[in-house]
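Mapping to the numbering used here: the sequence shown position 78 is 78, numbers consecutive.
Treat the hints with caution; some may be incorrect.
[Stated by the list, open to error] Derived CB-CB ranges, DEER-like: (1) Ala121 x Gln145: 34 to 42 Å; (2) Val48 x Gln68: 33 to 41 Å; (3) Ala121 x Arg45: 28 to 36 Å; (4) Asp19 x Leu109: 33 to 41 Å.
Honestly, the hints are just simulated from the structure, not real lab data. Beta carbons: idealized from backbone N, C-alpha and C, even for Gly.
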Amino acid sequence: MTSVDETAARLRACYDTGDTIPPIRDGFAEGDTDTAYAIQEANTRFWVDQGRRLCGRKVGLTSKVVQQQLGVDQPDYGMLFADTDMSGGEIDSSRLIQPRMEAEVAFVLGKDLTDPQLTLADVLSAVDYAVAALEVVDSRIADWQIGIVDTIADNGSSAMFVLGP
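Start from the sequences and build out the full structure, keeping to the hints where you can.
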């Protein structure tokens, strides 16, 4: 089995080199989303320690059609960093490996959600407004050969985003 820290470092290296790696799911138990989120968290901690600022969260794989295409049965989530917000700027494609663009709806929160036992009412009351958004997804996994473990570990295949006016 591959270690969490080793896999996190391999994924991080792809951001610097522009290379891709084979699917990582083969190094872990099938469907091991706990380990996948541990890999994502290791990279989040690394990047925050390096000075990157978290500015939001993303939810992916919400469409049943996309879930069926990938053979998964649940959404995933990832972190959004301030340096990936391209609103009002240009998207630097040299920072991308195999990008795709998705139309999204972004929910901007007016207050933090910190209670671990959130209800739907708690979440709805925290929403300040919704706005059209574009998400640039990108996979560090070769040829987009992703499963749920791969995409979770790879920060939900997150790359950049643009918020509408």
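* If you check each hint against the structure, which ones fail? -> none
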